[in-house]
Each structure stands twice: as structure tokens, then as C-alpha cells.
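**Q** Here is how the chains run, residue by residue.
2 protein chains.
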Amino acid sequence: MANQDPTRIDELTIADYLQPAGYRSALVGKTHSRKSLAQIRALGIDPESDFARCVASGGFEPYELHEGLYPGARAPGDNGYNAYLNSQGYAGSNPWHEYANCGADKNGNIRSGWQLRNSIYPARVAEEHSETTYLTNRAIEFLDQQDGDSPWCLHLSYIKPHWPLIAPAPYHDLYDVSDIQPVQRSEQELDNPHPVYAAFMEQEYSESFSREDVRKRVIPVYMGLIRQIDDQLGRLFEYMKQTEMLEQTMIVFTSDHGDYLGDHWLGEKDLFHEASVKIPLIIADPDTIADDTRGSVCNEMVEAVDLLPTFVEYGGGVINRERIEGQSLLPLLRSKIAPADWRQFAFSEIDYSERGARSSLKLEPYDCRALMIRDRHWKYIHHNLFRPQLFDMQKDPHELIDLGDNPAYAKVRADMRQLMLTARRRLKPRIGTPYENLANMGPQQDEAQGIIIGRW
Amino acid sequence: MANQDPTRIDELTIADYLQPAGYRSALVGKTHSRKSLAQIRALGIDPESDFARCVASGGFEPYELHEGLYPGARAPGDNGYNAYLNSQGYAGSNPWHEYANCGADKNGNIRSGWQLRNSIYPARVAEEHSETTYLTNRAIEFLDQQDGDSPWCLHLSYIKPHWPLIAPAPYHDLYDVSDIQPVQRSEQELDNPHPVYAAFMEQEYSESFSREDVRKRVIPVYMGLIRQIDDQLGRLFEYMKQTEMLEQTMIVFTSDHGDYLGDHWLGEKDLFHEASVKIPLIIADPDTIADDTRGSVCNEMVEAVDLLPTFVEYGGGVINRERIEGQSLLPLLRSKIAPADWRQFAFSEIDYSERGARSSLKLEPYDCRALMIRDRHWKYIHHNLFRPQLFDMQKDPHELIDLGDNPAYAKVRADMRQLMLTARRRLKPRIGTPYENLANMGPQQDEAQGIIIGRW
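Chain order of the listed sequences is L and Z. At position 192 of the first sequence the residue is numbered 192 (my numbering), and the sequence of numbers has no breaks. At position 165 of the second sequence the residue is numbered 165 (my numbering), and the sequence of numbers has no breaks.
Simulated from the structure, these hints should not be mistaken for lab results. Incorrect hints may appear among the rest.
Since the list gives no way to pick out one identical chain from another, each pair is judged satisfied if it fits inside one copy or across any two copies.
Straight-line C-alpha distance at most 25 Å; calculated DSS-like pairs for lysine-lysine [claimed, not checked]: (1) LYS269 - LYS428; (2) LYS106 - LYS216; (3) LYS428 - LYS362.
Okay, chain L solo, but in the shape it has when bound (with noise of 0.2 Å):
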């Protein structure tokens, strides 16, 4: 899926799980997941009921819907920050380009953040009027809303540190080169890549992250637009201390992917090395039996499909065996001991088709595909059409050397190959059979029914 691909009709979203159990599930922020109208249209669904009413937002009742990445707005409803933004005395039709994203240089001339070798100036927004200020506000302004005896979700998602990358005063200026940490990158990564790998290294974002100059520019400034993050959510936990919601409020703070910042000779996030695909995920979970755990860290393997089903089983929602893939983390979160069967492997999938590396491939989009699977050895990838890739997570651990053509393992790439095909059966494809239904299905049943098969 690739930014605003639409999901099937009736694929279910948290929001949707949630919604029996009662709860009231709101989006402040992007989401980048909807629906198709057209095809809601076509099966005649009532397009003023609750369900079309969330085709742009992923299900969740877009409350504050800000996808803060296309210049101009792209989905019903994604332009509260423009207007607000007009509001306090930032004019044009599109500020959030004009203030928000660009800075200014000594000479006023206007700079725009789209360009890295801007990201020095301040933004041309007071910082209490940026994007990730903003958010947090309507984000208070939604809590604030609720009677504090009804269920809510609130998935606050902020689009900052992204493209266009400039941040506000004093956010812009807070880091320096000597905060950064040190680049994971080897010379030898550029003799004879995976063709795959060497596309992506040709990028122009790619290009820019691999020069030092470029790092030692963007990088402070990068780690002032999450440093403001961790102040906005200062704010915003305070505000749930001093009204009672802190004891009471699940809360996870995580990320749809890494960014690579010139680690392996790379920008952006596409592919598999743990700089893009190992994301935080930090889980308060206000429960008392949670207190055994609570202040630690949890080393088993997780995934971000298993974030839906915590939600549901914290909710008191019914985790829908025929369609949910992930686990739920409670376990993990009520116990320092791992349920004895918790998974061994991670897993993860990128479609590349409308990303540049699929010209200079010269692929058609249903090639652009490729997988992972990460046990706590190895981590193998899958990609059509070209070689696999193959790194020791243990010798290696900075995946510095692609064993993906080395002879000497080619007995573990065919494991980890079966490994990966059957990492499959967690998939579920018979959506529409309940999970009770099909485990009592069998000749029992058919029997019973009347249906003798193969009887002399």
C-alpha cells in the first residue's frame, strides 16, 4: 500500500473494532488511509452513514484531519490548519506552505523547507502556531470534550519530523553537530549492491543524505522537530494528570517507519535495514497489573499489526479471530515472562511500484515487491525478479554484509525461505467464516447435516 491507496471496503480499522465496545474513536492528525468514494458508491452504500462519513479517515471520525503533506489539500475536511493558520494573521491560501514550511534568510528572502539546505532557517511560524503545537491542541480540545464516563480513542498522529523539514524557533537551533550520532555505513556496501538496493542508493534523496554536509545540516533540526514532539506530549500528559485521565488512559507512543539519515547511504525509508524498520514503541498501560513490567524493556518480537488487538482487548472489544494477523502485547505487558508460544520471527512487506527506484529498475509495479523475515539470527529478503538478501543480525548487527549471494549460506536462505512461506498461515484470507464456525467445521459437521462422504 503506498499513501492513499484505499483498503478493500471491508477491511476494519481500529476505530471499527472499537465501535461495539462503545467507544468513541477520533483522528487529530494524518492518516494517508481511506476508502475509495467511488467504489462506496457503486455497492450503494448510504453515503451519509457513519461508515462513509470516515471514508478519508481511516474509520476514525475525523476530527482533526491534517495530512500535512500535499501542498494542497487532498482529502474533505484536510484544511483546519490552513484556515486556523489564516486566523492568526498568516494570509494566503495556502500557509501552511508559506509559513509553516518555509523560513526566511537574514535578508527576508523567503526559503523553501522543501529544500534541505533550508532546513536551517526557522520556520516563518511562531512555534505556537506550527503543525505539531496545533495538533496537540486540538488533541486537548478533543479530551476535554469527553464526559470522562464514555470509552474514547484518540489516535493523535503528527506529521512532524517530515518533509518539508524545518522546524519552528526555537526547535530549529536547539541541536548541533556534535548531538548527532554516529552514521551506520561502510565502504563496502558500495561494491557490487543488490540491484534493488543500489536503486534506491541512486535516489536523489538518497544522494543528499549520503553527503555530510547535508547531515551535518538536517540532522540537528530533525532532532528539534522531535524534540518538540516530546514537549507537546509533556504538555499534553500534564493536562491529563491535572483532569484524572493519566491513571486511567492507555497510551503508545510509536511510528509508521524509521528514516535512514544517510545510515547505509540512504534517505527516506523503504527498505528493511533496522534504521527504517525497527520503530519505537513505547506502551503505558495504566493497569496495575501492568506494574510488574512497568519502566522496562520488553525484548520479544513485535510488530505493528499487534497494536490492534491490544487496543480491542484493552477495550473490551472481541478480537476477531478470522481476520486479525497481530497478537495483542497485554501478555507482554502484564508479565515479564513471554507466553511460551509468542512468535520467533518479524515480518514486513514494501511495494516500491511508485517509488523512483522503479524507473531506474526499469520494473512494471507488480514486481516492485519485496519481503522480510527477522528472526533473532537472521534477516532474510525476498525481492522479485533479483537476488534475495541475507545479513547475520548476530555478527552483524549494523547489516553491513549482504550474505545473499555468498555459497556458504545457501542452506540458511532456503530456511529462512520456509520459514518465510509458512510465515504466511498467519494471514487470513476466509474473512467472512467465523473463527468458531471453522474450527468445528469437518465431517462432524457434514455428517450431521446429512452429508456422508465415502461410506461403503
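Chain Z: place on chain L using the hints.
**A** For chain Z alone, coordinates are given in the frame of chain L:
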């Protein structure tokens, strides 16, 4: 998918694709395919819409829905045949079972067709009132209603040959043991078989068909049921010839699966031996462009999923590349030289969670999956939780020697796993994004919208 597993609400069938091209698509016979009415209601889809009306008939107009499998009626409208039998003097609430699928012995005792030993008795229904003849009558009635101008697609889906294996006279007695083809099996197959294969061999239907007395009694009747199809299709084609429909109608004869009938010590249809997966496919393309291949046999790798785009292309509909996974067969029908990029493998998948083998293996439903890929040399089968199977289709065309755990074939298995993973490329997960959009996506589109990523 199993019988009656609802397909996803936005899944399109042949009928859905042909509708915009002006086709009336109707079902006469079985489908075992439906949508979930509960889900249709949950989405607020008008239950009176054409879409909802075809909920139990695979998207086709249910001209005559006859599942012919369930002793009681299971789907709305699936009762035409019982009413017909009543009108012809066959009394009772379930004449399908009492007459069409039971026989009578010399002493007039009623013998159920559900028991194989009773296959020798003629069904208690006259041939002219039997299922195959009735469905042919209904097909002719449908054709008779066509005006000759509007295009139509008739899905004539005979249930027989099928359990209960019993035939009306004279078809119960047309063949004898000398007509039976040699059984394909070897004693070696019983020696340490693959666990999933072993579980299927233990099923009652497999044990029955492994017996020579059963095969000798049942197979001639099975052949009689096929002969009845042949005769009834002859009647249908004669009608079409006299009404000048034959020269303007594409006719496709195929089946949804084969039948082991004792091959490999198995009954039924579940696994991947040729007896099960290599189905008949005969296509009569009336267009003179197809004269070059008329009467010839094509040896290319084709699959059942190819029929949908074949019909759509023939009918002048739109082949929706973001959804359709098969390839139209028209190029093979209209030239003896296959397109250079025609596929070099065939793929198949099973979910045996509702079969008796699951109980024997003590598996969770979602572990009951297996994938098969076959090229001109090898057939490779992936099983969740079990070792793979491998057959050398050149040296061992009858698939009697499983090389799945033979160390000498480790490289072949690794290569076939790679092919299997790559074969996933044709799966279309992004059905909401038109192919043209997908093909045009890329950095150039982003830039046209003002999104500039990673420029210094």
C-alpha cells in the same frame, strides 16, 4: 476457501465484470459461492439492490440455483428442483434425496446413494427428471428467452458426477470393470508418506477407494454420470445449432476439481496430484480468427483464474489490471504460437481446515494450508508445519516418488521456494488503485504536486 465461505464484499465475479459490457449473466446449477448477507446489512447496502439479490449465487442472477449437495435446502432459491420433482409426481419434502439420490434393490428396498455400495442401483428418478437433465432443461429455457441481440453469459454448473454417486437408468449400467482406467498408485507410497498425505489416506473416502471392490462398483457408475453430461450437452448444442446460437457463442467446458477415485490411495479431491488439479478445459471459440487452433491441444500452463479475463476480453469488457490475476486465453485460442511471456508455471493452494485430515493431524484451522507450484520439470508443495513435497514430473509423471526430504534435491527445493515466493507477484493487493494510476505514480507525479523529497 471452502464451500459457502463468503467471498469479500468487494470481490468481483465474471458476472460483475461482464455487466458493464451489457451482459446478462445467469447461473443454472451449483455455485457454493456467496457473499455474507450479515456483512451486506452491516455496510448499509440496499438489500433490494441487484448486488444484494445475487448474494447467494456468486454474483450471477440465480436463474436456477441448485447446490445439489445439501440434503436440506441451504440457500434462498435453492429449491427449484425439489418443487419440480414434486410436480412430476415424486412426493415428499426432499425428493432430491428420496428419488434422485436413492436407488431401490430387487426387493424394492430403498438404498441411499450416500453409501457407495448402493451405487449399482439405478436412481429412483427417471433420466428425464434427473439433476443433469433438469439443469439442461433450465439452460435451454434460459437460452430460449434471449432475443439474439443482447449478450448473455450462462454459467451452467452441473452437480453430477458428485456425491451421492448414483445414476439414473440407463447410465447406472453403461460401463463395466473393463472400462476402468488403470489405477495410479504404488506400494512405495505407503512407506513413510508425508504426514499430510498420510492423514488424507486415512480418511474414510480414501480407504473406501483404495479397495478394488469399491472402485469396480463405483467407477463405472461415475463414468455413466459423465456420459450423461456428454449426452445432455449434445442436446444443448443441438438446440443451439438449430437456433443459430452455436456459431456466435464461446463455450468453455471445465471442472472445479478432479477426483482421485483410488489413485494414490486417495478418494475425493484435496491434494495436488494431477488426478486432482489437472482439470479438463475445452474451449470452443466461434470466431474465425480461432480457426488456426480449432481441434488442437494446447500444452501451455493455464489456470482456472485465466477464465475470467478470457470471458471479459471476449465480451468486450475491461480487464481490470489492478484486480485480475489470471491471463486471458484468447492469444492461445487464436494462435498456435503462445505469447513469448506466457507463464512457465501453474500455481494452486488449498485450505483443508474443514476436512477430516485436520482432526487426524490435530491442527489449528490456520495451519491447514498448502501451496503448490509446478513447472515443466518439478512439482513443489509447501506445507505449513511440515516438510515440503517434491516430484520430478519428467522422470516420475505419475508422482509416485516424493523427493521432498531427499538431501540430493535440496537445491531444487530451494529454487522452487524462490519461484513460489516470486509467483506472489501476480497477487493484487492494491485493488483500489487503478493500474494506470499505479503505472504513472512516481517522483515526477509528486513533483507535479509540489512534493519535493530530499533535494539539497
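**Q** Look at each hint and say if it fits the structure.
**A** Verification of the supplied hints:
no., hint, result
1, LYS269 - LYS428, "between (27 Å within a copy, 23 Å between copies)"
2, LYS106 - LYS216, "within (20 Å within a copy, 97 Å between copies)"
3, LYS428 - LYS362, "between (33 Å within a copy, 19 Å between copies)"
Of the numbered hints stated above, none is contradicted by the structure.
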